[in-house]
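Each chain, letter by letter, is given below.
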Amino acid sequence: MSSGLSLAHEPVSKVPHGKLAMWIFLASEIMFFTGFFGAFIVLRNSNLELFSHSAGELNKWLALLNTFILIGSSLTMALSILNLEKGNTGKFKLFLGLTILCGFGFLIVKTIEYSTKFGHHIFPWTNVFFSFYFLMTGFHAIHVIAGMIPMTFMFIKAFTKKGYNHPVKVETLGLYWHFVDLVWIFLFPVLYLIFPSH
Amino acid sequence: MSGHHPDSDAMFGSYIRVASALFGLTVLTVLAALDWVPKSWGEAGNTLHIAIGLLIAVVKAFMVFYIFMHLKFDNKFIRAFVFVPIFLFFVLTFALNVLGP
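For the record, the sequence lines run as chains A and B. Letter 124 of the first sequence, counting from 1, is numbered 124 in the numbering used here, and no numbers are missing. Each number in the numbering used here corresponds to the 1-based position in the second sequence with 1000 added.
Any given hint might turn out to be false.
What the hints assert, rightly or not - What the simulated footprint calls covered on chain B by chain A, stretch by stretch (three residues with Cβ under 8 Å from a Cβ of chain A suffice, anywhere in the stretch; the number is not a length):
1. 1019 to 1031
2. 1049 to 1056
3. 1069 to 1080
To be verified - Quick look at which bits of chain B chain A covers, simulated, 3 or more residues with Cβ under 8 Å:
4. 1009 to 1015
5. 1085 to 1093
To be clear, the hints were calculated from the coordinates, so they are not data collected in a lab. We put the CB at the ideal spot given by N, CA and C, even for glycine.
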């Protein structure tokens, strides 16, 4: 282009288009989860006893383990981007692989948690607390899976002859992955911890 | 890269420090939720539990936004995408708690 304007970047913000689009998407995601949190707050305040009793049924230690796993995965994701930018493809693959493993670990722990609940005959229709518990953690788990799919694709591509050398794309996926961690940072205290009987 | 990031060694140090802080604050969240508030405090104790739990979560969230998601180094324009919905989140929370049923 004669103006020298790079099509790869949005002209006002000078941010790569993909990254800007991801931020717009994440803004809509914040509002998406805000709806759930808002509804949860209203129902919690009007059914405090039911919510406190039901939250007591949850395994907060498994949730704590999952919090550690997700924070660890955020760290490995950040390190994988850092290493790709430095051209250190070996460490990029190592940290990206560890991030995928953490994602699997999170889903395994969540599966254990869900299956224990089902074993105790606790289902989404048991009461309004568990409706929200399964809805919010379920949507969060879907987000984890949605992040792992392109991550696995990048990981596999990194092992091909051509390799994978698109730091901005990995950084954009990283934004999404950190957001998934962020949602869990709020879900953990709101669902598992902040009740009078705890 | 769109922003002016510090060099990669400095970034590595920042990531490790933030991750350590996030692990520490997670433990603090669990400890803060234990039954340490005297029963006589009643509703105020309940509110204190919620306030501490959410305050720690907000601090953790800003660490993730600013360091892991590079808001500290990226174009300021991007911050609008975080602050506008967060502002709406707080307006909603306030409205539901104070003005709601």
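Structure-based check of all given hints:
1. 1019 to 1031: Since 6 is at least three, the answer is holds.
2. 1049 to 1056: The restraint on the region 1049 to 1056 of chain B holds, since 5 of its residues have a Cβ under 8 Å from chain A and three suffice.
3. 1069 to 1080: Satisfied; 6 residues make the cut.
4. 1009 to 1015: The restraint on the region 1009 to 1015 of chain B holds, since 3 of its residues have a Cβ under 8 Å from chain A and three suffice.
5. 1085 to 1093: Held - the region 1085 to 1093 of chain B has 6 residues with a Cβ nearer than 8 Å to chain A, which meets the minimum of three.
In the structure shown, no violation is registered for any of the earlier numbered hints.
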